[in-house]
Amino acid sequence: MTDTARPMTSVHLSDSSRGRLRRRYARERNFKIVSVSALVLTAVFLVILLGSVVLNGWSGFLTTKLRLEVTYSAEHVDVDNPANGNFRMIVLDGLRERFPDVTERRALRALLGIVSNQGAWDVRDALLDNPSLAGTSRELWLPAATEVDMLNKGYVDRSAPEELRLIDDRTIAWVDALEQDGDLATVFNWTFLASGDSREPELAGVGGAVLGSFWILLVTFVVSFPTGVGAAVFLEEFAPKRRWVDIIEVNINNLAAVPSIVFGLLGLAVFLNVMHLPRSAPVVGGLTLALMTLPTIIITTRAALKGIPPSIRDAALAVGASEVQVVSHFLLPLAMPRILTGAIIGMARALGESAPLLMVGMVAFVVDLPSGPTDPATALPVQVFLWADSPERGFVEKTSAAIMVLLVFLIAMNGLAVYLRQRFEIRW
Amino acid sequence: MILTLVLVCLAVAVFLAGRRKAVSLTGGRTSVLHSRPVYHGFYVALACGLPAMSLWFLVLLAGDWMIDRTVVAALPGELREASGPVLQRFLNDAETLAGGGVPTIGITPELEAAAASFSHLTLLKHWIGFGAALGLGLIAAGLAMRRIDISRRTRQPVERVLLVVLLALAAISVLTTAGIVFSVLFEAIRFFDEVPFLDFLFGVKWSPQIALREDQVGSSGAFGAVPLFTGTLLITLIAMLVAGPVGLLSAVYLTEYADPRLRATAKPILEILAGIPTVVYGFFAALVVAPALREAGAGIGLDVASESALAAGLVMGMMIIPFVSSLTDDALAAVPADLRDASLGLGATQQETVTRVIIPAALPGIVAGFLLAVSRAIGETMIVVMAAGLAANLTANPLEAVTTVTVQIVTLLVGDQEFDSAKTLAAFALGLTLFLVTLGLNIVALRMVQKYQEQYD
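Residue numbers (numbering that gives the first Met the number 0), protein chains in the order written: chain U, 0 to 427; chain Z, 0 to 456.
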């Protein structure tokens, strides 16, 4: 060979070829960068979303209270009938004593405004708990009004001109005086977790909405779980394999993709206008969501039944079980973990759903806690929607805090589903 | 309610008695029975419970009608001749009064008499009906008990009843679809009686306020839905411009590049994003994204509406990223490894393999996933209710406020309103449109996969 000494000049090593290769590798690198940034972008979205909720919402779990010495004077409280005292006046007298230099009528009214309306009720409850307090003085921690709460949490810009602030200089001075004496405290907001809705942000709570959601989900589960499992068992195990079963199958798959608001229209037309069930009641919301959850449960139950190997069925039939017994003694118990997982995920989705509930009138302003499925109620996501509409600054943190409560419930339910799947699922 | 519970308890007691009798017949060796003791129990319980319950519910349903008739027959002449609604109102009031409530009209002697006869007849209905049901149940139970025997085939009838129950449950899912179609269609037809179909579909002016007075400005409501359709499409388009590329590329990265550990962390992130309630996205859009866009727009001299289509569309895009990504993921994962290996074996880079082999092979699945995502975006309600506008606006400018079909359904129907104004019925016409469009998209998506998906191996 004469040319062994010459450098290799294969076409693959020509300059143009090297250039092409470089370009191809560059494209490869760029493509990889672009696709990983898509994933990163998604993660960033999630962080911003959850971050903004938590940043806005954590302070919703706190509230401001102020310490005040109140006197149950005979002038305002009748010893024989302690429930009927003038407790607002007692609070006002307490404030007057605390700020003796405030005497003008308008200023006194503003001074009373730093205590929440709930304050007078708290003073009354303390007396009812201990009637011997009549005629004596007592130091009580009373809830502050929402403006004071906002100021204390740092949401009021003190440098802004007075007329643009929610709270005037005079009130700020009072609050600062209270704070200096240690009479102002930030405590955990039990009211927020326990009570129903209110027009006053400092008194509003998610308790009513949580209970409402509970009743709704209870109705949803009681209706959709047996129905869905029964329907799936019939379709999967007993229905003759004919054309109409295929039609039902397609129909169920399509039903699962119908927008939730259309289910709301159905609920409005059927449950409210034809059946005349009570408006705003969890029973109607629950039935509407049950229809929405039904396809999910049917689909997961069928998948779970399909996942059981035929050998189990054959073995049971071989030892003399009837077809019904095969299902009730073997297939259903074996499929139950997967069915329950699917049902819990369906319930979690129903918990987060609000559009159909708006349609069946569950957007009412409900102060009382619902004690049954026929009481007027609202649901947690609908409460979020209602508060999100409120202009007051105090409701912004409450909305985010309610979202946090909602997410905690959702995470708990999904966690339970994952646990069930991993703990009980049988791999064939 | 309590009486119904008594009947249920009766059935349970009969079940226990039947099972016990079956066991005692065999002297403990239950294997000689044709059917297991439980079936004998169920057999007698069904024999007793079914007729008793049916009779009881019949009494409850038909009883009210008969009571109404009896009360009406006893009314003085002029009331009996009164028109339907007036009479109905009188009856409702009498029933309220009988139940201890406060009627809407003043208490008259006639009303008191009617109320008295109401409570009397209701009591009668309960006791006669309950007695008959209980008697029937006991007789049936006695007869069935006597038929329990070692060779008696009780399993077959019990199983047959169970199958009928299961069939009925399966029928509910079908009835739901029929219910949606008919309830929405029925109201929509009533709407089209008042507003011509073509005006609805092609009209460009939407202002559903019906005037209270004749001479009011803009007194005739306009129901041209084109601005709503364009608004919906605009927001959906923005959402898909976000979710399409991001969802597709993150699915490509997860299936083609990511190692299993990254996949195991990235998947839950997507699932969390998918599990967040839409009302949370709506709040985020209204509180964070819309003001941010507004400020950014002001910074570069653009006037961005505070309820701009862009804010709602961007957040809706975020919401459907996981949806697009998981459907694309499935489609990509379904492409057989042979194709991938062959392409890489020929010296193609991974990028070339993905763009020239895998994506074309998975295209029907990917397109179907996109169509489902579009259907999802069209039907999405809470984000647009909270972040998009209310006023209909025929524009393609994403910085302006537009309204959508779902927003209008919600605004038309939330709050108390009479049920037969064109305003309310319009919501059902919109709902019908929404239902048909999303249904169509789903069917096309399913078809697409069935028809164009290559069958490998």
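Just so you know, these hints were derived from the structure itself, not from any lab. Misleading hints may appear alongside valid ones.
[Stated by the list, open to error] Mimicking DSBU-like on lysine-lysine, the simulated pairs with C-alpha atoms at most 30 Å apart in a straight line are: (1) Lys422(Z) - Lys204(Z); (2) Lys305(U) - Lys266(Z); (3) Lys266(Z) - Lys31(U).
When you check the alpha-carbon spacing of Lys266(Z) and Lys31(U), does it fall within 30 Å? It holds: about 18 Å lies between the C-alpha atoms, which stays within 30 Å.
Restraint check for Lys305(U) with Lys266(Z), where alpha carbons must lie at most 30 Å apart: holds (25 Å)
Under the criterion that the straight-line Cα-Cα distance not exceed 30 Å, is the pair Lys422(Z), Lys204(Z) satisfied? With Cα atoms ~14 Å apart, Lys422(Z) and Lys204(Z) stay inside 30 Å; holds.
In summary, this structure violates none of the numbered hints.
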